[in-house]
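Undergrad: Chain by chain, the residues run as shown.
Protein chains: 4
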Amino acid sequence: MIRIGVAGASGLAGGELIRLIMQHPELELTFLGGSRTVGRRLVDLHPGLRHDPGLVVEPVTPRLAERCDVMVLATPAEVSAALAPVLAERLPCLVDLSGAFRITCSDVHKRWYPSVDRPDGLVERFTYGVPELLGDELAEARLISLPGCYATAITLALAPLVLGSGLRVDSVLVDGKSGSSGGGLRPRTADLHPYRSGAITPYAPTGHRHAAEVGQFFARRRAGSIGSLAMSAYGVSNVRGLLASCYVQARGDQLDDRSLHRAYLRFYRQQPFVRVRRHAETLIPVPDPQAVLGSNFCDLAVMRDDEGDRVVVLAALDNLVKGAAGQAVQAINRRFGLPEECGLGMQPVVPA
Amino acid sequence: MIRIGVAGASGLAGGELIRLIMQHPELELTFLGGSRTVGRRLVDLHPGLRHDPGLVVEPVTPRLAERCDVMVLATPAEVSAALAPVLAERLPCLVDLSGAFRITCSDVHKRWYPSVDRPDGLVERFTYGVPELLGDELAEARLISLPGCYATAITLALAPLVLGSGLRVDSVLVDGKSGSSGGGLRPRTADLHPYRSGAITPYAPTGHRHAAEVGQFFARRRAGSIGSLAMSAYGVSNVRGLLASCYVQARGDQLDDRSLHRAYLRFYRQQPFVRVRRHAETLIPVPDPQAVLGSNFCDLAVMRDDEGDRVVVLAALDNLVKGAAGQAVQAINRRFGLPEECGLGMQPVVPA
Amino acid sequence: MIRIGVAGASGLAGGELIRLIMQHPELELTFLGGSRTVGRRLVDLHPGLRHDPGLVVEPVTPRLAERCDVMVLATPAEVSAALAPVLAERLPCLVDLSGAFRITCSDVHKRWYPSVDRPDGLVERFTYGVPELLGDELAEARLISLPGCYATAITLALAPLVLGSGLRVDSVLVDGKSGSSGGGLRPRTADLHPYRSGAITPYAPTGHRHAAEVGQFFARRRAGSIGSLAMSAYGVSNVRGLLASCYVQARGDQLDDRSLHRAYLRFYRQQPFVRVRRHAETLIPVPDPQAVLGSNFCDLAVMRDDEGDRVVVLAALDNLVKGAAGQAVQAINRRFGLPEECGLGMQPVVPA
Amino acid sequence: MIRIGVAGASGLAGGELIRLIMQHPELELTFLGGSRTVGRRLVDLHPGLRHDPGLVVEPVTPRLAERCDVMVLATPAEVSAALAPVLAERLPCLVDLSGAFRITCSDVHKRWYPSVDRPDGLVERFTYGVPELLGDELAEARLISLPGCYATAITLALAPLVLGSGLRVDSVLVDGKSGSSGGGLRPRTADLHPYRSGAITPYAPTGHRHAAEVGQFFARRRAGSIGSLAMSAYGVSNVRGLLASCYVQARGDQLDDRSLHRAYLRFYRQQPFVRVRRHAETLIPVPDPQAVLGSNFCDLAVMRDDEGDRVVVLAALDNLVKGAAGQAVQAINRRFGLPEECGLGMQPVVPA
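Chains as they are written, first to last, in numbering that gives the first Met the number 0: chain A, 0 to 351; chain B, 0 to 351; chain C, 0 to 351; chain D, 0 to 351.
What the hints contain is simulated information worked out from the structure, not anything from laboratory work.
Note that beta-carbon positions come from the ideal geometry of N, C-alpha and C, so glycine has one too.
A portion of the hints provided could be inaccurate.
[To be verified] Partial chain B-side listing against chain C, Cβ under 10 angstroms, derived:
id, residue
1, Leu44
2, Gly53
3, Val238
[Claimed, not checked] Stretch-level coverage of chain D by chain A, calculated; a stretch enters the list once three of its residues show a Cβ under 8 angstroms from a Cβ in chain A:
id, region
4, 45 to 53
5, 338 to 347
[Said to hold, decoys possible] Far from chain B, some chain D residues (derived; all Cβ distances over 10 angstroms):
id, residue
6, His192
7, Arg195
8, Arg261
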């Protein structure tokens, strides 16, 4: 059994990670880390999880390294930036779910995370990326920084176009729609049920920090690969789930529906968690985040739209699973040589 | 009192129209038209409305003209296309809420409404458009075709750029998000509560017929005004409301936030139902359709996004009010010389 | 014009009151009172309301009496208890929406409102009750305390049985279901959207303070009229609306469906805001709070259930309208000699 | 591997069963049965499930018995009543999720299921009940009829009082609140999203057929054990989940909170799927169906309410899991000698 600790155990991503660990045959939860919730029991924090009387929240100290083979930071970026230097040398594997170590370039990092100070030299040691696109890199990784929920969806949506074809992608416009769980549990008036329940809220109409990650990721893989990448983000009434609508201006052959669909199928042939779907293949249109709820799937569909001469790529995932906790388990499976789907076989809960 | 009849009285737009007529000091409801619901009482059809024992659904026949000064067709486009020729000569004013008489060009009409046959020569006699942009045209109009809910939002969103500035609009991409009431009461599995409740559903990812109206409208006002107009449409968990996100590539001076906001304020200065808002002026981000629920307002905000070199215009409205029944009352007010806000002073029901 | 001020202008009930005042032909809003929001404009506080640049939140001081003919306290009970003594002598009419002056008996008051201290002798001067059951009392009232949202629904549900018949009501069990707006805008984790959205939450399973009001009200009218009154309250995913299910053990003749329905019709014949309905009279079962949303209606239905030998009375209302702001306007209309429906003619927004 | 077939594969309970079978290590799905959906693939019917190209809907014929060790009828009661006689002799195990074989007494059956004709003599051969209360009966059962979703909750809620204590239960009043998935996928207007979304709908205010099952179950265990059992049922905006509020008049000692809680803990000590909880033990009040979503748990809490001299028992479960498909798997595990939790270890998806 691989011993795993969770810092930020009281948050939504932390709770989801604990859920997945409880369902995983090779992971043993040995540490719950927190600050304001120190001393609280698991049952106090997460109303649904099976009670485990032995688990109580503790402060995160270097000592916990003795009890863990891997630690996941499900903490705000500020906290991750403070904890990572302390833990990096002491643990065989450290996984950060926050934005603290995603963006390498200091200037870009500062623009999007102005309050997150990182020690020099640490970010370069992190392996960053969606597991599907990292090949064997994770097998040796000691420090892992996982993409944001939107970045995961957008990267998976664009990769076959940018990396897998002879196309030239001139510009991408992403319109993101997501549920309230992405915002965590901060008690702001706009996030209280009365105002969030019926909202279609333009919370980031001119730019989102996850777009910066995506640009960096592709720029490193193949320079200049995306001419421009703009993003607008909206909150809708769902709790979980996001849909990233990617509107792509591309040049090249084989931009018809059929060729695009085939190219996507081919690109993700080996990937158990990416489902390339046809828009009308089921009784509801897909991709729709409700069709992946609670699972580690990312559903994709690609289409040609003659109006505007564009390619439409849709990506849906559960932001707390494939966008956070599930992707962490997937990365840990790869890191520790387990089958990639180990403990992640849960099917979507549909309808919910 | 102006005597008004409603055809399609059992539908959602019909019900909303009856609500507004009941609240209007100068309109008297004298006819409820339907086909499958003939003989039903108002209380059978609309659970919320004040009971009126005298109102029973009747078939729509030429005779009803004796009882009405104005008739609103809140019927499917196929039905409107069949009723309009019969009623056009007999009534002082006929208002159609469907798509039957919106698109003048036959080829374009057939592409988007293949099952809607219109008699020759009728569509040209309809006055089409958002009241705010029609000037005095409605005062004399005998046949009025009102824009679709999305077309209303998009037209209002783009008009200051296309008509009111020295800008050149090269291309527009619209990402629309709307509630379930836009789809009416057809009993499809995907529209049953279990599947529609948690959905972010890409129901029209590559084109929407309302976009065709918008293109036609601006083309007639100033030829070639919009280079291209593409649209994708999504359903979310709301019942009412839509948000149209318009991403605009434009050229010209004064494309900064402040100039754009001022230009919009100026353009709509005289219009009581269009509110030009700042994105962060209230405790929730606006425009958000929840902030106009039940009212005839259309909320707009315009912003510059340096990423992608674009202008973002957001438009929110209640599809059953400003997108249908409220706009009909507004047009009727103009047509019959009443103050434009007469009977439309209801404030949004927020939060709901 | 009657000049009206609103204390607690930033809350949900305050906002709803401002909405209704804006729609009212005889009320002029002359004062917005608050504490933490002093200096904020109306548009900052309530995202939907028509902007009025002249209205800014001010502290509540005795001076405001010069600007108001009537003041409504839409404040927490603690605040109402502090403000009422200051304002009581200075204003022609003061209306309190909180629980501060509902319960006359000090011991009962202290049990349910332990943190609300009232000066001696003030509560007795308040007129308390649902307007429908107060006859002419409101016409002379200087101090008015309106029932809680649940108390309004339960009182209206039970009055025909308790007051209007020869029945003997042995016991009543109320199961209440309500939306999140009843809880106001306190930032508690359980009220954040992620947890409140899918909840059926037993927030008060063994008792609710509104039940105490109801018991007191009937006890005063006809001693011993209800043997016992128990209540359990649950939160559901709605924002607005409540349904009070009253399960009544009663003895007497005429306990069949038809007699009960007729007795209710008779009892409320003159009341424009109480609708006695048949359960299956419309396309959805009623009473359902969605069928009164945004309006001042209270829908009732009464039925005999042979199992358990009981009478079932259902009452649905919009807690922010008939349960708070609308009822306040209704009381003010009565107080100032306006028609009871003045400014309250808005029909329900259905579906929403 | 145990070969399992599902009749009614296109419904909500059928889909949920397939989900659980896919997650179960000892069950192999070998047959999908249907009528109107014959020839459809799994991916056509259930938008979330992992695609399995080999599975196509077939008509249910006696022949399928060769391919199945156990068959689950997730069909309407009329269909189950027709299929069961055909299949009963041919399969080692037949499990019915419908109401066709729940009620033994013909008169009671006919009252609640007037359109469901059963052959003589068959219902007596079915083993009926919640697995937790059946002891070893399931190990030998060839024909199994599982309780309705509400009946499961109410039976588990009342069993410790009725069966496990020296109390006398005079009367029970159940107020049930449930999501829309309980109603299946019938296309009725009231179940379309616009009307169901904001509803608190009294769909069965004076009686529910699940109450009849509960009464029968306890009557057989200990005659006269419940004096009377009445029920009212309401639909709320959730898709999944139900909360049964049981208001109990009981006589005896040890009716205080602490004694009751202990008695419940003791009664269910050995039962992995029943969680006896304290109302305020977590950050949201429990039991709340959102805290068991997607899992096979039933959460219970018991409390004394001095008002009305009653005991309040709350039971929450996911109607598609513990109320249908999960309970079926649990029964099959018991029937085939597998550990009761085999394949049912999924933790609730919270919040969702």
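Undergrad: Quick one, is the Leu44 of chain B hint okay against chain C at 10 angstroms, beta carbons?
TA: holds, 7 angstroms
Undergrad: Say whether it holds or is violated: His192 of chain D keeps its Cβ farther than 10 angstroms from all Cβ of chain B.
TA: Check fails; 4 angstroms does not lie beyond 10 angstroms.
Undergrad: Min Cβ distance, Val238 of chain B to chain C: is it shorter than 10 angstroms?
TA: holds, 5 angstroms
Undergrad: Taking a Cβ-to-Cβ distance below 8 angstroms as contact, does the region 338 to 347 of chain D have at least three residues touching chain A?
TA: Answer holds; 4 residues pass the 8 angstroms Cβ test.
Undergrad: Can you take a look at whether the region 45 to 53 of chain D is actually covered by chain A? Rule is 3+ residues, C-beta closer than 8 angstroms.
TA: Coverage by chain A holds for the region 45 to 53 of chain D (6 residues, Cβ < 8 angstroms).
Undergrad: Taking 10 angstroms as the cut and beta carbons as the points, is Arg195 of chain D off the interface with chain B?
TA: violated, 4 angstroms
Undergrad: Are all C-beta atoms of chain B more than 10 angstroms from that of Arg261 of chain D?
TA: holds, 39 angstroms
Undergrad: Under 10 angstroms, Cβ to Cβ, is where Gly53 of chain B needs to be relative to chain C, so tell me if that hint holds or is violated.
TA: violated, 17 angstroms
In summary, the structure is inconsistent with hints 2, 6, 7 from the numbered list given earlier, while agreeing with the others.
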